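Asks: Could you build all of it, start to finish, from the sequences and the hints given here?
Chains as they are written, first to last, in the working numbering: chain A, 1 to 294; chain Y, 1 to 394.
For the record, the hints were derived by calculation from the structure and aren't laboratory data.
A couple of the hints might just be wrong.
Claimed, not checked - Dumping the calculated DSS-like pairs for lysine-lysine here, alpha-carbon to alpha-carbon at most 25 Å:
#, chain 1, residue 1, chain 2, residue 2
1, A, Lys-259, Y, Lys-221
2, A, Lys-259, Y, Lys-2
3, Y, Lys-47, Y, Lys-2
4, Y, Lys-88, Y, Lys-105
5, A, Lys-246, A, Lys-259
6, Y, Lys-86, Y, Lys-62
7, Y, Lys-233, Y, Lys-221
8, Y, Lys-165, Y, Lys-221
9, Y, Lys-88, A, Lys-246
10, Y, Lys-86, Y, Lys-2
11, Y, Lys-105, Y, Lys-47
12, A, Lys-246, Y, Lys-318
13, Y, Lys-318, Y, Lys-390
14, Y, Lys-221, Y, Lys-62
15, Y, Lys-173, Y, Lys-105
16, Y, Lys-233, Y, Lys-2
17, Y, Lys-2, Y, Lys-221
18, Y, Lys-62, Y, Lys-47
19, Y, Lys-2, Y, Lys-88
20, Y, Lys-62, Y, Lys-105
21, Y, Lys-86, A, Lys-246
22, Y, Lys-88, Y, Lys-62
23, Y, Lys-62, A, Lys-246
24, A, Lys-259, Y, Lys-62
25, A, Lys-259, Y, Lys-173
26, A, Lys-246, Y, Lys-221
27, A, Lys-246, Y, Lys-2
28, Y, Lys-88, Y, Lys-221
29, Y, Lys-165, Y, Lys-105
30, Y, Lys-48, Y, Lys-2
The structure displayed is predicted, hence computed values, not measured ones.
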Amino acid sequence: MSILIGRDTRLVVQGITGREGEFHSRAMLEYGTPLVAGMTPGKGGQTALDGRVPVFDTVAEAVRETGANTSCIFVPAAGAPDAVLEAVAAGIQTIFCITEGIPALDMIAVVEEVRLAGARLIGPNCPGATSPGRAKVGIIPGSIHREGRVGVVSRSGTLTYEAVQAMTDAGLGQSTCVGIGGDPVVGTQHIDVLRLFAEDPETDALVLIGEIGGTAEEEAAAWAAEHLPDMPKVAFIAGRTAPEGKRMGHAGAIISGGKGTAASKVSALEAAGFRVAGSPTELPRLLREAGYRD
Amino acid sequence: MKIHEADAKSLLVAQGLPVPAWAVARTPTQAREAAVQFLADPGNATKKVVIKAQVLVGGRGKAGGVRLASTPDEAEDVAAQILALKIKGLPVRRVLVAPAAEIVKEYYLSVLLDRATKRLMFIGSAEGGVEIEQTAVENPGAIVYEHADPLLGLPDYAARELAFKVGFGRHWKAGASIAKGLLRTMVANDADLVEINPLAVIREHNADGTPVERLVCLDAKITLDDSALGRHKGLEELRDLDAEDPADVEARRYDLTFIKLEGDIGCMVNGAGLAMTTMDLVHRAGGEPANFLDIGGGAKADRVAAAMRLILADPNVKAILVNIFGGITRGDEVARGLIEARAQQERDVPMVVRIVGTNAAEAAKLLEEARFVTADSLDEAAAKAVAAAKGAAS
Numbered sequence: 001m002s003i004l005i006g007r008d009t010r011l012v013v014q015g016i017t018g019r020e021g022e023f024h025s026r027a028m029l030e031y032g033t034p035l036v037a038g039m040t041p042g043k044g045g046q047t048a049l050d051g052r053v054p055v056f057d058t059v060a061e062a063v064r065e066t067g068a069n070t071s072c073i074f075v076p077a078a079g080a081p082d083a084v085l086e087a088v089a090a091g092i093q094t095i096f097c098i099t100e101g102i103p104a105l106d107m108i109a110v111v112e113e114v115r116l117a118g119a120r121l122i123g124p125n126c127p128g129a130t131s132p133g134r135a136k137v138g139i140i141p142g143s144i145h146r147e148g149r150v151g152v153v154s155r156s157g158t159l160t161y162e163a164v165q166a167m168t169d170a171g172l173g174q175s176t177c178v179g180i181g182g183d184p185v186v187g188t189q190h191i192d193v194l195r196l197f198a199e200d201p202e203t204d205a206l207v208l209i210g211e212i213g214g215t216a217e218e219e220a221a222a223w224a225a226e227h228l229p230d231m232p233k234v235a236f237i238a239g240r241t242a243p244e245g246k247r248m249g250h251a252g253a254i255i256s257g258g259k260g261t262a263a264s265k266v267s268a269l270e271a272a273g274f275r276v277a278g279s280p281t282e283l284p285r286l287l288r289e290a291g292y293r294d
Numbered sequence: 001m002k003i004h005e006a007d008a009k010s011l012l013v014a015q016g017l018p019v020p021a022w023a024v025a026r027t028p029t030q031a032r033e034a035a036v037q038f039l040a041d042p043g044n045a046t047k048k049v050v051i052k053a054q055v056l057v058g059g060r061g062k063a064g065g066v067r068l069a070s071t072p073d074e075a076e077d078v079a080a081q082i083l084a085l086k087i088k089g090l091p092v093r094r095v096l097v098a099p100a101a102e103i104v105k106e107y108y109l110s111v112l113l114d115r116a117t118k119r120l121m122f123i124g125s126a127e128g129g130v131e132i133e134q135t136a137v138e139n140p141g142a143i144v145y146e147h148a149d150p151l152l153g154l155p156d157y158a159a160r161e162l163a164f165k166v167g168f169g170r171h172w173k174a175g176a177s178i179a180k181g182l183l184r185t186m187v188a189n190d191a192d193l194v195e196i197n198p199l200a201v202i203r204e205h206n207a208d209g210t211p212v213e214r215l216v217c218l219d220a221k222i223t224l225d226d227s228a229l230g231r232h233k234g235l236e237e238l239r240d241l242d243a244e245d246p247a248d249v250e251a252r253r254y255d256l257t258f259i260k261l262e263g264d265i266g267c268m269v270n271g272a273g274l275a276m277t278t279m280d281l282v283h284r285a286g287g288e289p290a291n292f293l294d295i296g297g298g299a300k301a302d303r304v305a306a307a308m309r310l311i312l313a314d315p316n317v318k319a320i321l322v323n324i325f326g327g328i329t330r331g332d333e334v335a336r337g338l339i340e341a342r343a344q345q346e347r348d349v350p351m352v353v354r355i356v357g358t359n360a361a362e363a364a365k366l367l368e369e370a371r372f373v374t375a376d377s378l379d380e381a382a383a384k385a386v387a388a389a390k391g392a393a394s
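Replies: Okay, structure coming up:
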């Protein structure tokens, strides 16, 4: 199986004719992702990626014509919240929003609409997800992956690549790697991804990558301790040396009022049975120490 | 982005919130003029003015940045003293002058973005005038939490409920109306936080001398969402450049995220999470990072060169660690930028470069030809950079 994306994925890319959209759509297609449609208003009837992908004016039309069930959004920040709403309205169930720099308040109503529709939003400001050997949606380089049974969830982009590369180098393949995004308001949090991994028969171990700010890692840790007591679990938290009160790049990465520190996250994870690495390169060794055999 | 109390109060007034009169003074003379006016106001029950330093740090009062004055002379004198202060390293360029309120009761009310629920949340307390964090520790039961509806905001009934829960007593109508106003302020300006502490019942005098009480915003703290500044005319001008390192301004120009730190190893990384990780690994290898620097996705040679200038502008920097995991970012572009930057660089600082991912092989070739010190893993790169900073490496 895998989670979020897999063999049943039929992907529509919103903003496929933009520079970023086209570049990454090509990479997704080359990885073998079932990319069935593109969407750019005013370019309906055209094709993208050397004639391989039909382009539609609306997501609804793309869904009707191609059976798309998953969307990936490369629309600029000003139009991205609307792009999510359009995908929801068209009945798309799994929506990845890659766009960064969306004002946080814009996402509050959007996230609520997604919830009411029973759909799932990953992001915004996220790198997407890969189910190695099946599909990749977003901007994660396909080359870093290896097929396997470890589920990876992370807030970050390049840090995820670092961790996944370390696992692949050590021969540990992944079931699905999900980057949930570093914004304060994201559709899917660590805990939601853990719930999905818990139900996936092909995920046998967990890697959780977090960073300072908020309490999402702590909540995920508590849930995992209760529901996945026997699954090998490892984690890495970025920002041990981050000063208080400064936003470390990600809008959500800030320690305020003594809350959201790396130390509090590390201790919560350790208390929940995670082995916490001091460097991403230690993750494979810790996974094996936790009893994981692939 | 943080903004000053006086600017925050202007944003509140624009949404119809009750804020007692104030004036901003840049000189002792201006402070005196404002004091003359407020001291002569028959409504001013205390017959005093308060003079408050406008700096973007907490603890103004303790640092001597908030003081009272009873006469224009005294106001001028006090303003001169406050304007000469540096509070937590920041110079005081402006003071706020206002009638000193006769406070009957202090409350706390704020709205902020609650990440866990993905909604806006009100925090209220009848114990105002102290830090809410302190109340949370000492008397958590005195704090009321209430979420705004993600689609409807704060309907009247919910505002009333909040007002009764906080305990505004006979001022509940004003409390409810202020709660709604804070939410409007939040939304109208794309704020992350609107905090009124204290929100106070103050006593003033009518023209005939009879006392009258009302609920007003005595202080105001607002932080704005950086991602939304572009769509609000005028808010960018509220940025206090004094509160920023000159490097911050330069970084913004090139779309870099730069935060200066205390150590001596400059870091250049793509991606915020990886940039923090790089700092952590420098620390773990026995060094200290001089900065957080995220060059973002898809950086080209010129942005890399600008990043290098920023790092080298810090005289503490003794070694530089470049860590790039190419995804959107192409390794060879970064390598070209580094080579260009080194050619222009005036100060000879050892540099350790690690580039993996997209076009890493091309990058490696360029770096080898240019005789850069390189590393394969992040741990190795951190160790080499720390050794270089300590002068142990050649």
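Asks: For each hint, tell me whether it holds in the structure or not.
Replies: To see whether the hints hold, each was checked on the structure:
1. A:Lys-259 x Y:Lys-221: Between Lys-259 of chain A and Lys-221 of chain Y the Cα gap is close to 19 Å, so the pair holds against 25 Å.
2. A:Lys-259 x Y:Lys-2: Since the Cα atoms of Lys-259 of chain A and Lys-2 of chain Y sit roughly 19 Å apart, the hinted pair holds (cutoff 25 Å).
3. Y:Lys-47 x Y:Lys-2: Not OK: Lys-47 of chain Y and Lys-2 of chain Y at ~32 Å, beyond 25 Å, violated.
4. Y:Lys-88 x Y:Lys-105: Not satisfied, since the Cα-Cα distance of roughly 30 Å exceeds 25 Å.
5. A:Lys-246 x A:Lys-259: holds, 13 Å
6. Y:Lys-86 x Y:Lys-62: holds, 13 Å
7. Y:Lys-233 x Y:Lys-221: holds, 20 Å
8. Y:Lys-165 x Y:Lys-221: holds, 23 Å
9. Y:Lys-88 x A:Lys-246: Judged against 25 Å, a Cα distance of about 16 Å means the pair holds.
10. Y:Lys-86 x Y:Lys-2: Between Lys-86 of chain Y and Lys-2 of chain Y the Cα gap is close to 18 Å, so the pair holds against 25 Å.
11. Y:Lys-105 x Y:Lys-47: Distance ~19 Å between Lys-105 of chain Y and Lys-47 of chain Y Cα, so the pair holds.
12. A:Lys-246 x Y:Lys-318: holds, 24 Å
13. Y:Lys-318 x Y:Lys-390: Cα-Cα ~8 Å, so holds.
14. Y:Lys-221 x Y:Lys-62: holds, 18 Å
15. Y:Lys-173 x Y:Lys-105: holds, 16 Å
16. Y:Lys-233 x Y:Lys-2: OK: Lys-233 of chain Y and Lys-2 of chain Y at ~16 Å, within 25 Å.
17. Y:Lys-2 x Y:Lys-221: Cα-Cα ~8 Å, so holds.
18. Y:Lys-62 x Y:Lys-47: The hint holds at about 23 Å.
19. Y:Lys-2 x Y:Lys-88: The hint holds at about 16 Å.
20. Y:Lys-62 x Y:Lys-105: OK: Lys-62 of chain Y and Lys-105 of chain Y at ~22 Å, within 25 Å.
21. Y:Lys-86 x A:Lys-246: holds, 21 Å
22. Y:Lys-88 x Y:Lys-62: It holds: about 11 Å lies between the C-alpha atoms, which stays within 25 Å.
23. Y:Lys-62 x A:Lys-246: holds, 23 Å
24. A:Lys-259 x Y:Lys-62: holds, 24 Å
25. A:Lys-259 x Y:Lys-173: Violated: Lys-259 of chain A and Lys-173 of chain Y sit about 34 Å apart, past 25 Å.
26. A:Lys-246 x Y:Lys-221: Holds - the C-alpha atoms of Lys-221 of chain Y and Lys-246 of chain A are around 17 Å apart, at most 25 Å.
27. A:Lys-246 x Y:Lys-2: Holds - the C-alpha atoms of Lys-2 of chain Y and Lys-246 of chain A are around 11 Å apart, at most 25 Å.
28. Y:Lys-88 x Y:Lys-221: With Cα atoms ~18 Å apart, Lys-88 of chain Y and Lys-221 of chain Y stay inside 25 Å; holds.
29. Y:Lys-165 x Y:Lys-105: holds, 16 Å
30. Y:Lys-48 x Y:Lys-2: Since the Cα atoms of Lys-48 of chain Y and Lys-2 of chain Y sit roughly 29 Å apart, the hinted pair is violated (cutoff 25 Å).
The structure is inconsistent with the numbered hints 3, 4, 25, 30, although it conforms to all the rest.
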